[in-house]
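J.: In order, the protein sequence lines correspond to chains Z and P.
Read left to right, the first sequence gives residues 0 to 284 (numbering that gives the first Met the number 0).
Read left to right, the second sequence gives residues 0 to 790 (numbering that gives the first Met the number 0).
Heads up, none of these hints are tricks.
Here are the simulated lysine-lysine pairs, DSS-like style, with alpha carbons at most 30 Å apart:
1. Lys58(P) <-> Lys4(Z)
2. Lys38(Z) <-> Lys56(P)
3. Lys307(P) <-> Lys770(P)
4. Lys191(P) <-> Lys399(P)
5. Lys4(Z) <-> Lys56(P)
6. Lys531(P) <-> Lys611(P)
7. Lys307(P) <-> Lys398(P)
8. Lys398(P) <-> Lys191(P)
9. Lys58(P) <-> Lys48(P)
10. Lys346(P) <-> Lys399(P)
11. Lys38(Z) <-> Lys58(P)
12. Lys86(P) <-> Lys191(P)
The set of hints was computed from the structure by calculation and includes no laboratory data.
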Amino acid sequence: MYPRKFDYVAPSSLDEAFEALGDDSKVMAGGMSLIPLMKLRLFSPALVVDIARIPGLDTLDDKGDHITIGALVRHAETAASDLIRSNAAALSTAAALTGDVQVRNRGTTCGTMAHADAVADQPAGALACGAVMIAQSASGTREIPASEFFVDSLTSALNPDEILTSIRIPKSGDGEGSAYDKLGRRGGRSDYAVAGAAAWVKRSNGSITEARVAVTGIGTKPTLAEGVAEALIGTDGSASAVEAAAERALEGVTVLEDLYGSEEYKSHLAKVYAKRAINQALASI
Amino acid sequence: MATTSVMGGSVRRREDPALIQGMGTYVDDLQPTGVLQVAFMRSPVARAKITSLDTSKAKEMPGVAAIYTHEDVAHLGPLLAQVQIGKLRPLLADGEVNHMGEAIAMVVAENRYQAQDAAEAIDVEFDVVKPIIDLKEAASDAAKVHDELDSNILHTWTYHGYWDALGLEDQTPQVDAAMERDDAVVVSLEMKNQRLIPVAIEPRSVMAEYNPGYGRFTVHSSTQVPHALGGAISKTFGMIASDVRVIAPEVGGGFGSKLNVYNDEILAAFAAKDLGRPVKWTETRREAASSTIHGRGWVGTATIVGTKDGEFLGYKLHALADMGAYSQNFTVAIPLLGLWIASGQYKMPVSWTVDCVVTNTMTTDAYRGAGRPEAIYYLERIIDAYAREIGMDPFEVRKKNFWQPDEFPALMGCGFALDSGDYASNVDKLMEKADYAGLLRMRDQARDEGRLVGVGVGSYVEVCGFGPAVLAEIGFSWSEYGLPASFNGSGLVRVNPDATVTVVIGTGPSGQGHETTWAQIVGDGLGIPVDKVRVLHGDTREHPMGIGTFGSRSVAVDGAATYEATLKVREKAAKIAAHLLEASATDIVFENGGAHVAGSPAPRVEWEAIAKAAYQAHTSPEDVESGLEAHTSFSPGNATWPFGSHIALVEVDPDTGNVELLRYVGVDDCGNEINPMIVNGQIHGGIAQGVGQAMFEDAVYDSDGNLLTGSLLDYPLPTAADLPSFELDRTVTPTDVNPMGVKGVGEAGTIGTAHTIVNAVVDALEPLGVKHVDMPLRPKRVWQAIQEARG
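Bound conformation, chain Z alone (with noise of 0.2 Å):
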């Protein structure tokens, strides 16, 4: 538990954060992941640039059609925030659901996007909600769909030189809702996803018109379903039409065991989890 030598900086600016980062660096916020990982010497960096002094980064901020959470946003401020629970209710679930307290207190909703642990909760939120991932670094700003920015275990869209400045969440409109649902490890809802699902629907004149589903646990990466998506668009939501489209639960997904659960089981809990999400979501609206 005793990291490999590496060095540190703690810019006071994201240009100077900028500057620093290179093909060796790894940027830290909460620590959360990063720290234990380097403590077990399974990750090495040369360089660890912490953007925690960094002005400016820690709001969460309503931005008329979209919410905006800063880098420094600790889960428990998107578990605690009254703005994430009322519009993106599966994120909001997701971050109250992550860790443990003192894991929550220190660690990021956008360090955990960045992480890209493929048991992780909140990744599966964002999906759901259809957030999109803004990066930044010295030559510019890149706006990154969320179905596009988890790319495989602990691997990100972000480049290098990039840092997750913020999320953005689009605004809840009439007929909209969320939520997200998972197992643990320890049984119920406690440790990192054994399998866990977020549901994203849009309700109209009793049908469904619009639909995210994402699974998180099962696989290398937290991923939009878009089979169960594309089933459950149309129907009018019934139970029978939810437990049909949480079928598709594994489409594009690769199954992996663990010591939590067989591939079998895994796949069989992907369904439950996407079933009970969407049901969560539409008994939101």
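Chain P: place on chain Z using the hints.
T.: Same frame as chain Z, but now just chain P:
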């Protein structure tokens, strides 16, 4: 015994203000000038010959003071503090490694980072050999774990033959004959009691200093057994015992994992002497998982035979117990603790065989309960299965077979006698407290709605308070390294001239609250307020010989010794008070900080005057020696046998297999209680660890011997957030084994819990026909059982 508001009162723990404010001193807090830090290079493989080991490059790394390998320490011999059986663990790997995490080289450097960097730079090449991990495979002896041993089975414990001197009858024929009876119901299950990793909040830590001028060691260690460590060091280095001082400052949890003397502690002392500087090592969490002892690790088949109307006719267990690659302090002796309670609270013949099997894994040893949770798990699970088979209420079955109150002391087939008990009353109190009948109605209603709700019940008796001197004759003793073979208790009570009290004990806490409990024992006995009593512990130079805190023994043995020392001091104080009051010593009573003649509150003499007089020849009686202190040793004639019964209410999610623990109710009996709040705390923690085994924890090696659960990421522990509020109550059945009538309570909660939870989950799944699910009851496993039951 004396009874006042103090004894039996929930006095707040005086330890807590320092501990919860982070002001307690632990070994790793100590930073003497010039201290060097240690990192171990450990084996990444389970079994291999070391074909080359080159530390030359690592020795050149910045800050490195020394790197030691086997040849540097070979003269010290293998680790002394281990059961001398099987292959002995060398201090550092001797040309081969036998489990993942075995120490190969010790790096000492200016700081821990440099030490770790250098450890990484050591070049080692292995010729890897296929390890033997699976218990059944190992027990088959198809291949050997250690070539030089005749068998992978180190030792076999049998119920009648564990100790020839007792001349016990083999009850196997009785059990076998019962199975042949026409009315016999025989129920049998193969079950695992999985391997666990003890996790103390404070990792193990040791710091050694050597003064060549005095030729003395001072060793600070996070240990449950400072005297054992001192003995092991003095014997290893050929020193006079009092030239080794071991200090255990605050110890942040142990659960048995620190009831061992480890190679790293001996090596730290060696390095400190060799380098002439203080040397410190604190284990990392990964090292704690791979290289500090594990617990449990049994697989076995339990069989019960009874009549159709619930009368037990006999019980049989054949189990394999995983020892790991080498032994530590107790290892092979752990199943023996289970053997003594093999028959539980029931009158029946027993046939019990446990094979102690070596594998290429970390050593197992005592982990909270140590052999007893395993033994009770098999017994109480199979009783539950039997009750289901004959369709009788599981409590009713138990009550039908309990030893009755007038049968105590109850001599069991293992040669020991249960000291005291009233098992049926204990169960009755639990049933009432939990509203057992109401719970069953609620369960049945839920079942009618298609929900999987279960009510689990379990009882236990355990054996603790070690111990009786006669046990020293069995042959697994610590006498090899300078400790007495029998586990006496000791306590020194000194009333100081200012009438404050210093209590010095040979046992020390690792979180149990000794400082408060002992202050109550002594303060109550002397009639002196507890806040004037200070309890010192954990320093071998200043404290009486003591065996340590483990096996729920401290209060029942060392506490009893302290109690008797208190009585001696009181007796002497009475003579002095009588002298001052010009009365007879036999008429003196102590209360409210002073003494007076019974029946006449005035005149009285305050403790201040008594204490002062005791230290002055001209004010004390002529026939009374100066001073006011006593040191007493206590050797109990028997162990103590606490018991209890628990109920768990669970609901299983049929879609996911998730188990929700809704209620947990326990009525325990540890005899008289000194501090009920502390007793509650012990039971709370014990139940939490029992739930941990039942639902969460599992130490897993893959078939290549890689520990897959080497960090807390992969070894889920129960937290407060995962548990319901426990509903606790007690019955009180004092023991006559010690003068306070107390039994131990440190492990009882754990021993009573795992089977209760599994019984509840099996009850929930009964409508589906599920007979058993192995622990831990993770959702995947419960779901799998549901799937298989549904076909």
